[in-house]
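Colleague: The two chains are supplied separately, each in an independent frame; assemble them into the complex guided by the hints.
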Amino acid sequence: MKISPIAASALAVLSFAALGCSRLDMQDQPKYRPQRPSQFFADGRSERQPVEGTIARGTLDEDTAFYQGKDAAGKDIEAFPIAVDKKVIERGQQRYDIYCAPCHGRIGNGLGMIVRRGFKQPPSYHIDRLRQAPVGHFYDVITNGYGAMLNYSAQVEPRDRWAIVAYIRALQYAENANINDLPQEARSRIPAAGTAPSKAQQSEPIAPNDTDFSNFPAVPATPSGVPGAAGAGAAPSNQPERK
Amino acid sequence: MSIVIGVIVLGAAGGALFELIADSRYATRQGDAREQPIPFSHMHHVGSMGIDCRYCHTSVDNSDWAVIPPTKTCMNCHSQIWVGSSTLEPVRESYRTNQSIKWTKVYDLPDYVYFNHSIHVKKGVGCETCHGRIDQQALTWQEPSLQMRWCLDCHRNPAPNLRPADKITTMGYVPSEPQEVLGARLMKENHVQKLDTCWTCHR
Numbered sequence: 008m009k010i011s012p013i014a015a016s017a018l019a020v021l022s023f024a025a026l027g028c029s030r031l032d033m034q035d036q037p038k039y040r041p042q043r044p045s046q047f048f049a050d051g052r053s054e055r056q057p058v059e060g061t062i063a064r065g066t067l068d069e070d071t072a073f074y075q076g077k078d079a080a081g082k083d084i085e086a087f088p089i090a091v092d093k094k095v096i097e098r099g100q101q102r103y104d105i106y107c108a109p110c111h112g113r114i115g116n117g118l119g120m121i122v123r124r125g126f127k128q129p130p131s132y133h134i135d136r137l138r139q140a141p142v143g144h145f146y147d148v149i150t151n152g153y154g155a156m157l158n159y160s161a162q163v164e165p166r167d168r169w170a171i172v173a174y175i176r177a178l179q180y181a182e183n184a185n186i187n188d189l190p191q192e193a194r195s196r197i198p199a200a201g202t203a204p205s206k207a208q209q210s211e212p213i214a215p216n217d218t219d220f221s222n223f224p225a226v227p228a229t230p231s232g233v234p235g236a237a238g239a240g241a242a243p244s245n246q247p248e249r250k
Numbered sequence: 188m189s190i191v192i193g194v195i196v197l198g199a200a201g202g203a204l205f206e207l208i209a210d211s212r213y214a215t216r217q218g219d220a221r222e223q224p225i226p227f228s229h230m231h232h233v234g235s236m237g238i239d240c241r242y243c244h245t246s247v248d249n250s251d252w253a254v255i256p257p258t259k260t261c262m263n264c265h266s267q268i269w270v271g272s273s274t275l276e277p278v279r280e281s282y283r284t285n286q287s288i289k290w291t292k293v294y295d296l297p298d299y300v301y302f303n304h305s306i307h308v309k310k311g312v313g314c315e316t317c318h319g320r321i322d323q324q325a326l327t328w329q330e331p332s333l334q335m336r337w338c339l340d341c342h343r344n345p346a347p348n349l350r351p352a353d354k355i356t357t358m359g360y361v362p363s364e365p366q367e368v369l370g371a372r373l374m375k376e377n378h379v380q381k382l383d384t385c386w387t388c389h390r
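Line by line, the protein sequences are chains A and B. Note that the numbering used here gives residue 32 to position 25 of the first sequence, counting from 1, and the numbers run on in steps of one. Note that the numbering used here gives residue 336 to position 149 of the second sequence, counting from 1, and the numbers run on in steps of one.
Hints were generated in silico from the structure; no laboratory data involved. Bear in mind the structure is a predicted one, so any value in this text is a computation, not a measurement. One thing to keep in mind: the hints can contain errors.
Okay, the calculated beta carbon distance ranges per label pair [said to hold, decoys possible]: (1) Gln286/B / Arg124/A: 21 to 31 Å; (2) Gly51/A / Lys354/B: 30 to 40 Å; (3) Lys381/B / Lys127/A: 43 to 53 Å; (4) Arg390/B / Ala80/A: 48 to 58 Å; (5) Met335/B / Ile134/A: 53 to 63 Å; (6) Trp386/B / Gln56/A: 32 to 42 Å; (7) Met335/B / Ala86/A: 52 to 62 Å; (8) Ala49/A / Ser305/B: 29 to 39 Å; (9) Met262/B / Ala86/A: 25 to 35 Å.
Beta carbons are placed, not taken as given, at the ideal position from N, Cα and C, and that holds for glycine.
Chain B extracted, bound-state conformation (with noise of 0.2 Å):
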């Protein structure tokens, strides 16, 4: 009999420190900044410079894939700024050479989840809504967890994470009218719907 109690307390106890380190942050990897092969600071080209996050990811408002940029799109300012750079040497190596930065990626999806980011981005979830306020980042770092709750959260609920189509790309939004009409009224006008099935992601 006690043999089974222990068979059962220990159960619990593994399923309990299971659940703890699978949500650890040290296991989604949340908040971690990945080491680059470069260290692009989204923090002095957002932050500072005042860059728009289209100019260099192209295709996040029309494709699944809002793309790294091609070194060339660095070389648009670098021929002329920080030529002499030495941190800087890999991008001109790169375009010398024609071979890609190996750039580490930092939000990675598993291989069994679609992920499309023009859907979200056209109906009006924020860049800072998933990938925090990337102007302080100065190595890009991994904000959410990006667990399966995690995106849940936000497709049994999107109203709250819904900004006009101008204020995509802003950071440090403030909603200019209360978040509870504003997002009541953008869930209409963008025919957004609660997305929770599994062949949403999974297909």
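Next comes chain A alone, as it looks inside the complex (with noise of 0.2 Å):
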């Protein structure tokens, strides 16, 4: 058979063409990757349920204060089971703003953004009864939910449950704090009552879209109550500084 030179080309320049916008074999590789979907098992699912009952090596979490927020009688554990310092506190702030803000909203007064769109409201932590509840009964609350709150024990890993409820304290301790806990070059920087704080003295806007920030509050230029009824070793000395 003779094909001619210049069909053979065009055949080339077609073969090429073809190549250029379709994938090959090695892209698409019998595999699984993270997610992706089984023909295999019924449920169509690559990742598979361990057996039920089933402790994996090292993640037995016996110790219950850390793990659960209770002590041996099954009672919220009134102190930290890990050492907060700031960089907890800080780690707590980052946390805090990733997966409670948008319900309890960024200084825990419970008007997030997505009550504000019609979920229930949860209570202020700045209220009597959650001032003065143990630090347990947070890390419960994060670990297992509570009323209308699912659980959010596979967003949020036990350490950063913890360092979580550090902040929820540092909040409830800046919510009452005041103005002689600053130090003296701080106070300044403290809007006089009435005046709007100045655009770097709010906080950074949960979203940048919405113009609302009425419910961000300035700082309180009066002081009300005094600092206390923090659990034990939650009321920071340092705290993190509020951009």
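Modeller: Below you can see the structure in the form of structure tokens.
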């Protein structure tokens, strides 16, 4: 069979062109990557659930204080099972702003964006009941949920839950802080009563496209109440700076 | 003789055509929003609600895989919000029946590419750098071409794409100092290397 050179070249051009828009076998290999569907298992998932009752090595989680926030008698613990320092609180702030602020608000007043869009309003952290609540209570709520709030055990790991609890304590402390708690040089940055805080003093907006910041508080110019009521080791002398 | 020239000319034309097609947005699917079983809008959840990327993509900073959230994550809010919406019925059905929602993958890398999210996040590459203004994407589209050339552009010269750790998920990020200064500093601070060997990604 004789093919003219022009026809052969045209064929080459076409097959090159075909290569350009089709994926090759090596690109889609018969193997599982995370969350890739499976034709083999009935539920269509390649990720398999462990057999019920299975405990992976190293995940017995016997430390009930750390993993459940409970003491041996099953009561919420009063003291943090981890050492709380500025780094922990800052980690807590970061995690809080991601996972809790959508509902609880950035300052813990329970007026987050999702609440403004119709979710059941959670109580403010600054009510007396929650100011008196042991740290284990907050840990338990994150772990198991509470009322309308589903649990966050899959989204926040235990250590970060404690960091969040530490940050909640910092928020409670800050809400009732006295101006005399601030170092001298920081006091001048607080606006006088009735004046709007400057842009730099406002919290970074949680929603860049949302212009309603009516729920973002000015720093309280007149101190109300005294600090205290925070759990053991929770009242941080060295609070994270809020930008 | 004229046959030889003809073959060469046609071959060159073929090569050029191949390049044109392979680089086209049609072939790379760049800018292509994918159909999804539920019209999930990042624009709404990120842009209007201000929800952080990591609320759903929980493992992006400690795993190679950013994770498509389980239906439970949707239900954290949608157990109470939009409960009567027919658009969200597939979400509720998935939650009731424990059957996964079959989301369509938007950033589908070839299987011979190793990619790790967490190392990019830790070294200072923001979400926006690769995924674009996700807060403006009603249906998620593929922002970059995902061609090897695109990966290499940054792997050979990472500094222009680095940002501080607390700005990783920020959308519409503007550096607070000249990027030449910031990039150079972050290169040092985060020990960023120019990893452009074959086995960085093909292992």
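Colleague: Verify the CB-CB distance for Met262/B and Ala86/A against the hinted window 25 to 35 Å.
Modeller: holds (34 Å)
Colleague: Take the C-beta atom of Ala49/A and the C-beta atom of Ser305/B, compute their distance, and say whether it sits inside 29 to 39 Å.
Modeller: holds (32 Å)
Colleague: Quick check on a hinted range of 53 to 63 Å for Met335/B and Ile134/A, using CB atoms only.
Modeller: holds (57 Å)
Colleague: Okay, Trp386/B versus Gln56/A on CB: inside 32 to 42 Å?
Modeller: For Trp386/B and Gln56/A the Cβ distance comes to about 34 Å; the hint holds.
Colleague: Okay, Arg390/B versus Ala80/A on CB: inside 48 to 58 Å?
Modeller: holds (52 Å)
Colleague: If you check the beta carbons of Gly51/A and Lys354/B, does the distance land in 30 to 40 Å?
Modeller: Given range 30 to 40 Å: holds, Cβ gap about 38 Å.
Colleague: Quick check on a hinted range of 43 to 53 Å for Lys381/B and Lys127/A, using CB atoms only.
Modeller: Hint holds: Cβ distance 51 Å, inside 43 to 53 Å.
Colleague: Is it true that the C-beta distance of Gln286/B to Arg124/A lies inside 21 to 31 Å, as the hint says?
Modeller: Between Gln286/B and Arg124/A, where Cβ atoms are some 28 Å apart, the hint holds.
Colleague: Evaluate the given range 52 to 62 Å for the C-beta pair formed by Met335/B and Ala86/A.
Modeller: holds (54 Å)
Violated hints: none; the structure is consistent with every hint.
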